[in-house]
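There are 2 protein chains.
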Amino acid sequence: MNYIYAFAEDQTLTNQELGGKGANLAEMTRLGLPVPAGFTITTAACRQYLASAKQETGFLEDELMKAVHILEEKTQRQLGNAEQPLLVSVRSGAPISMPGMMDTILNLGLNDQTVIGLAEMTNDPWFAYDCYRRLIQMFGDVVYGIDKPIFEAALTALKNKRQVQKDTDLTLVDLKQLIETYKGLYVAAGQYQFPQSVDQQLRLAIEAVFKSWQNPRAQTYRRLNQIDGAMGTAVNVQQMVFGNYQGQSGTGVAFTRNPATGEPGLFGEYLLNAQGEDVVAGIRTPEPIATLKAQLPVIYEQFKTIANQLEAHYRDMQDMEFTIEAGQLYVLQTRVGKRTAPAAFRIAVDLVDEGVIDRPTAISRLKPTMIDGLLHPLFETSAVQQATQLLTGLPASPGAATGAIYFDAQKAQQAHEAGEKVVLVRQETSPEDIDGMVISEAIVTSRGGMTSHAAVVARGMGCCCVVGCQQLQVDYEQREAHFAGRVLKEGAIISVDGHTGRLYLGALPQQTGVHETTLGTVLSWCDEIAPFAVWANAETPQEVATAFEFGAQGLGLVRTEHMFFGPERIFKMRQMILATELADRQVALAALKKLQITDFKQIFSLAEERPCTIRLLDPPLHEFLPQNEVEQAELATALGISLAEIKRRIADKAEVNPMLGHRGSRLAVTYPEIYQMQVLAIVESALAVQTTYHHAVTPKIMLPLIGTATEMAYLKQLLQQTINDYLVENQQQLTYQIGTMIEIPRACLVADQIAATADFFSFGTNDLTQMTYGFSRDDIGHFMPDYQQQGLMPAEPFQTLDQDGVGALMQLAVQKGRQTKPDLSIGVCGEVGGDPTAMPFYRDLGIDYVSCSPYRVPSARLAAAQSQLTLAD
Amino acid sequence: MNYIYAFAEDQTLTNQELGGKGANLAEMTRLGLPVPAGFTITTAACRQYLASAKQETGFLEDELMKAVHILEEKTQRQLGNAEQPLLVSVRSGAPISMPGMMDTILNLGLNDQTVIGLAEMTNDPWFAYDCYRRLIQMFGDVVYGIDKPIFEAALTALKNKRQVQKDTDLTLVDLKQLIETYKGLYVAAGQYQFPQSVDQQLRLAIEAVFKSWQNPRAQTYRRLNQIDGAMGTAVNVQQMVFGNYQGQSGTGVAFTRNPATGEPGLFGEYLLNAQGEDVVAGIRTPEPIATLKAQLPVIYEQFKTIANQLEAHYRDMQDMEFTIEAGQLYVLQTRVGKRTAPAAFRIAVDLVDEGVIDRPTAISRLKPTMIDGLLHPLFETSAVQQATQLLTGLPASPGAATGAIYFDAQKAQQAHEAGEKVVLVRQETSPEDIDGMVISEAIVTSRGGMTSHAAVVARGMGCCCVVGCQQLQVDYEQREAHFAGRVLKEGAIISVDGHTGRLYLGALPQQTGVHETTLGTVLSWCDEIAPFAVWANAETPQEVATAFEFGAQGLGLVRTEHMFFGPERIFKMRQMILATELADRQVALAALKKLQITDFKQIFSLAEERPCTIRLLDPPLHEFLPQNEVEQAELATALGISLAEIKRRIADKAEVNPMLGHRGSRLAVTYPEIYQMQVLAIVESALAVQTTYHHAVTPKIMLPLIGTATEMAYLKQLLQQTINDYLVENQQQLTYQIGTMIEIPRACLVADQIAATADFFSFGTNDLTQMTYGFSRDDIGHFMPDYQQQGLMPAEPFQTLDQDGVGALMQLAVQKGRQTKPDLSIGVCGEVGGDPTAMPFYRDLGIDYVSCSPYRVPSARLAAAQSQLTLAD
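Top line first, the protein sequences correspond to chains A and B.
Going letter by letter, the first sequence gives residues 84 to 956 in my numbering.
Going letter by letter, the second sequence gives residues 84 to 956 in my numbering.
Quick caveat, the hints were computed from the structure, so don't treat them as lab data.
The structure displayed is predicted, hence computed values, not measured ones.
Built from N, CA and C at the ideal position, the CB exists for glycine as well.
You may find that some hints are simply not true.
Just so you have them, the derived chain A footprint on chain B, three or more residues with Cβ under 8 Å [what the hints assert, rightly or not]: (1) 224 to 230; (2) 400 to 408; (3) 645 to 654; (4) 742 to 749; (5) 786 to 799.
From chain A, some residues computed to sit far from chain B (all C-beta separations above 12 Å) [to be verified]: (6) G115; (7) N164; (8) P703; (9) L704; (10) R749; (11) L798; (12) V833; (13) Q872; (14) K904.
All chains should be built: construct the whole structure from the sequences, respecting the hints.
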């Protein structure tokens with residue numbers, strides 16, 4: 084059995100034997116690229132070494148001698164030769180990448196003799212002795228476990244003595260002295276010696292790499308990443324090349340395309356007569372790669388050809404390191420290049436256009452989280468680094484915005500009307516704040532989580548929002564707010580980063596917005612393969628328009644209650660709620676109906692023939708009632724009853740657990756006239772839009788909070804009767820559906836019974852999660868931090884679908900619902916409808932669509948398509 | 084095909100052909116009992132009649148003539164014969180009993196001639212003409228549809244004219260005149276005539292009975308009771324016998340055993356020379372059946388033999404009607420006798436002792452609801468009828484009690500200490516009222532349902548309780564209450580009936596309590612066959628003692644939080660809750676631990692070796708905090724902090740939906756020291772009791788509100804560690820279990836994961852129902868009445884297990900839990916643990932025990948056994 088192979092010597096070997104780095108070097112060698120020569124000691128050797136009782140490399144001896152000999156022939160240099168010294172790197176390389184977890188030794192082959200040869204070869208004695216010094220340090224650390232700080236301390240002591248700041252300020256003499264000091268440290272640490280025998284250097288280095296497979300941080304990394312500990316690591320021994328060699332030499336880094344924009348063409352930088360270290364140390368400023376063309380045109384063209392060849396071979400943008408040694412170009416490494424979100428989209432589309440990859444491959448390379456960065460502004464990175472950070476909250480809705488802080492909706496509106504850019508800062512928001520929220524650049528709250536009112540509304544509007552700022556106290560009396568102790572008066576300017584949750588003092592400049600038409604191209608490919616459609620949750624005309632602009636194929640959730648919070652509307656609503664007689668309620672409802680028709684007409688005309696799912700009134704009625712006495716008094720006057728009576732009627736509606744109280748379809752059992760008004764408003768609007776715009780409208784009327792088949796059947800019959808009576812009376816025809824949210828656990832358990840009368844199902848995952856987990860979203864702040872601290876709740880179930888619990892109920896509901904109606908339309912319209920990690924689950928569930936807030940539609944389209952690709956794997 | 088059979092002529096015929104009454108008469112005839120002769124026209128005849136286009140009885144004519152002829156021979160009387168007139172009754176009798184739904188005609192065969200013969204035979208002309216008058220009236224009503232009130236009006240007019248009050252004050256002449264008037268009413272109603280032909284009377288009567296099968300009230304009854312409308316009714320024609328005939332005659336009613344007490348021996352009453360009518364009209368007072376022995380010893384013995392024969396034949400206590408006509412005893416009817424609850428138990432046990440029935444039969448004849456009447460006092464029936472009823476509420480806990488009304492716990496206690504019997508009347512109760520509740524005879528609230536705090540606590544104590552009195556307003560300011568408008572001051576006396584939910588003004592006398600040792604006998608038989616055990620939910624020593632007295636085999640739910648509401652304890656509790664530092668909390672916990680040890684020792688010593696399941700602290704902490712400012716101020720002073728600070732800390736604990744908030748095991752994730760204190764209190768108590776009483780104690784420690792496997796595993800490990808550290812340190816040994824409530828829907832869905840670390844499961848059906856249905860028990864009052872009115876919620880799911888929804892989750896949990904641990908102990912400890920209708924479901928579920936409040940234990944034991952019997956069917 085062989086343990087050592089020159090790069091590309093045996094093309095049947097894979098990552099398993101050669102490790103990732105070894106395979107990569109072999110691959111480049113195989114492609115005929117100018118890779119510095121070297122060989123790989125296989126993982127089998129590592130396993131053999133670690134398994135033997137007395138760990139020794141004796142079994143490798145013959146092969147190693149042969150491999151070194153071949154390498155010396157190839158490079159025309161010899162290990163230990165003082166004139167033409169061969170220097171090598173010894174690096175680990177496991178089958179699965181474990182960045183930085185194991186050890187590396189560079190410049191191996193230097194000793195008191197060969198260092199002189201290197202100094203002559205490079206015409207740079209300082210560099211040669213610095214390499215030697217580094218080898219001694221690295222070798223001591225890796226082979227003998229002499230801690231780096233011991234060497235660093237000696238270096239620092241010398242610099243102090245010489246009163247210099249930088250390593251490079253030391254003289255050649257200093258370096259030679261340091262080398263002697265370092266050698267002394269070996270002896271002091273345990274009677275070791277730095278071996279002057281280069282053969283011994285090589286053997287000890289190889290053993291050290293083998294052993295590093297078992298070091299504690301490598302073991303921890305493997306445990307965390309579930310990597311098999313029995314594999315072992317390969318060892319790569321490779322010729323060192325020098326960009327500071329005599330003649331045409333240099334070093335550089337380049338990408339095959341611009342990693343910031345994705346623009347095609349070589350992008351990178353280089354330095355002539357330099358080592359990679361020089362670039363890192365910032366001693367000299369590198370040149371853009373384009374100027375290499377003028378300086379070394381032949382080498383530039385050669386590199387360009389190589390770059391193209393690598394990109395074509397790996398079928399993705401490459402990030403390459405190269406060195407020119409005495410007019411000879413070497414490629415040291417290539418890997419898939421990291422890139423910004425806009426670049427990722429552009430590169431994906433370009434590679435498809437160029438015929439390099441197919442569309443599914445392009446889709447699979449993109450991440451849903453990249454899209455937020457495309458849709459929302461960002462602050463300039465340099466400005467952020469220098470800004471005064473106030474505090475960090477939860478990043479509830481992405482974006483970057485600057486404005487003057489105001490503490491209530493009314494003040495915010497006034498400032499906005501006066502031309503100010505406004506940031507609404509509150510303890511929490513409620514539906515009453517909606518007008519102030521709409522005109523704000525950003526919304527900040529001290530309470531609430533990722534699914535609080537502020538967060539949900541802001542995401543719906545695409546407005547930057549940070550919530551749950553525990554270090555923020557708003558003092559409404561004093562009109563000031565404490566940001567982690569720093570007091571800011573109303574009107575002060577802050578900047579809000581909705582991507583990170585950070586707040587900054589003052590105004591920060593924004594990056595110029597990147598608008599990518601390539602996004603649309605990729606998403607249209609996604610729609611072709613996605614296993615289900617993506618719809619949107621939206622109700623205002625602005626939200627609805629945004630949803631369709633972002634490619635939503637329908638509206639999965641139009642919440643009608645959000646429509647009742649305008650100043651004119653809420654009064655009618657309150658009048659309706661507080662009516663004690665049906666007749667009074669009917670009067671208020673008639674006024675509300677006119678307003679609802681206005682809303683629905685706008686939605687239906689924007690939606691054209693796309694399905695619109697309108698949910699009838701859902702929240703407990705007391706949410707609409709004023710909580711402070713001033714407003715209560717106003718209402719009393721307006722309704723012509725006493726304040727005491729108003730208070731009594733409001734108290735009457737109060738509930739201990741409103742989430743599980745008189746809301747949703749339960750309202751319609753008590754007050755059928757509310758839902759009857761709403762369905763007539765829907766029907767009249769649909770008919771009007773059909774007539775005006777000549778396109779079909781098929782409203783999907785959705786009943787919230789259905790828990791039993793009897794209430795579903797009862798309300799369906801009631802509303803169908805109401806609608807049909809209207810249609811007959813007015814000699815009109817309309818196709819419509821009456822379906823239900825599935826958001827109560829019981830509804831999942833009796834979904835077969837409910838499906839008998841429901842035309843469609845739509846999972847309301849927010850409520851379903853609340854009830855399945857027994858978690859009130861408004862109250863989990865009291866204990867969720869403790870759970871997360873103890874590691875008892877890895878993912879917030881309102882953000883990431885709980886597949887074991889909530890998901891199991893959803894599976895039951897789909898199976899039972901389709902048992903009754905095989906072609907039942909089923910969607911998911913709660914907060915986790917846009918959760919990318921849940922998409923494979925939704926695919927297996929066999930639903931027809933997910934529905935999420937407009938700004939999450941693009942990432943949901945991508946994630947949906949990707950779920951289909953993982954299936955194909 | 085034959086349509087008519089003399090009684091017992093063909094013994095192969097069943098209820099289906101003969102109807103219930105016909106089969107019963109045939110059966111008695113077959114037994115050789117002296118039943119008046121007669122014949123049955125089968126249901127087939129009715130179907131034939133109703134099916135034919137022109138409804139006629141022609142097809143029966145020949146058979147009917149023959150049957151009448153045979154009857155005349157048997158009775159030695161002839162239909163229409165003026166000297167020896169045969170009179171018959173014509174009655175319907177359907178295969179399934181439809182009491183009072185169809186028609187009957189008595190004394191058929193009377194006309195202007197035969198009435199004279201009857202007068203002579205009975206030597207009672209008044210009686211004969213009264214019979215004739217009644218026949219004419221009944222016949223007019225049944226055959227021609229001439230409304231009864233028309234006849235009644237004529238009767239009343241005559242009485243007015245004669246200035247008499249009672250029918251019996253009319254003279255013979257008056258009756259004769261009335262008969263002529265009645266005949267005139269036939270003509271007036273539609274040119275009808277009362278037929279003097281007795282043949283015609285018979286044919287018309289038979290047709291009328293056939294038709295009555297289709298009358299509206301019969302149709303409604305069949306629809307409501309799901310009785311097949313195609314069956315038709317049979318018709319029974321039977322000789323009338325007269326207890327007022329010349330010679331030894333009389334009539335009576337008797338039971339084979341005392342229906343009030345169950346005491347063996349004939350029980351009943353009779354009148355000589357009288358018709359049944361006389362008894363009903365109350366003209367004469369009947370004699371006890373025993374005196375018949377002296378008056379007519381032969382007949383008495385004959386009747387006694389018949390009674391024994393009937394009871395032996397039907398194997399149950401019989402309710403019989405008999406008539407003696409001229410020395411000849413006739414049995415007119417026998418049926419299973421109705422009886423009181425104590426009688427039912429005594430009879431069941433006696434019949435088993437006598438070898439008449441076996442134990443399962445005895446068990447199957449009893450109803451779980453009977454037991455309430457055995458355990459709790461009742462008001463005297465006669466007193467209730469005359470009492471002034473105030474209003475009706477929901478009967479939350481059975482019993483009957485009288486006392487002075489008080490509106491708060493403190494006043495109630497003061498009155499109690501002054502020697503008064505007290506009824507606590509409140510809008511609602513809270514844990515703070517517990518001391519006032521304990522000393523009250525009865526508890527009444529205006530709000531809340533069958534599972535409100537008042538209801539649950541009262542049932543636990545076996546205290547009479549009426550809740551949800553919508554017509555009750557308590558005015559705490561004026562110290563008065565409005566009972567449906569009637570104002571009563573504090574201190575006024577009322578009586579409360581917890582069986583019916585009725586409140587009465589003043590004091591009502593109670594029935595002498597019936598304590599039945601037979602109950603214990605029956606329940607011990609039940610335990611032998613029950614498919615699962617019955618445990619109790621109890622925590623006070625009194626409750627625990629009651630539970631074991633009533634045969635609980637363990638404690639399924641000891642709620643530790645109820646122990647913290649005493650005045651001394653609640654302060655320590657508040658101190659613990661409001662502590663901001665762990666050290667302060669530890670001080671308060673140490674004090675609470677001592678008190679808990681006192682509690683647990685009592686429980687363990689009462690329980691002996693029975694299992695005790697102790698639930699650790701469950702409710703949200705703010706339930707323990709004072710809500711009114713006076714108490715808050717007291718607390719502030721006691722804790723040495725400002726009122727504002729107290730208010731702030733209390734507000735901090737407030738939650739929007741406390742039911743789904745920071746409670747149950749979630750408290751222990753935040754404050755592990757609370758549960759650690761509780762488990763150590765349990766362990767120390769168990770060890771102490773083991774030492775003192777020399778019996779093993781095996782505490783089952785129960786974690787509430789577990790929803791994930793991670794929190795179960797985390798808390799189990801934490802508490803196990805705490806306990807084991809203590810045991811090791813103190814060199815002690817103790818067997819204990821740590822299990823969980825299954826009360827969150829998610830827990831059911833991941834029960835396989837939770838079972839990995841839980842030692843047992845106990846379904847908390849209250850919370851499970853709340854979350855599965857999305858119903859807050861405290862708030863369903865806002866909409867449940869509307870649901871019930873619309874028929875959308877047939878049973879209150881907190882009273883009757885929702886098998887389709889909640890039950891489906893329970894099935895999942897049992898299946899998944901036992902998949903992980905095949906021998907996992909599983910119980911049901913919520914409110915529906917004692918629901919008799921759920922017992923067959925629990926049997927199929929395969930649980931180990933149900934646990935309910937102590938006073939429900941006996942009925943649960945009965946229902947559990949019955950569930951096994953239905954399985955055997």
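Earlier hints that do not hold, by number | 1, 2, 3, 8, 9, 10, 11, 12 and 13
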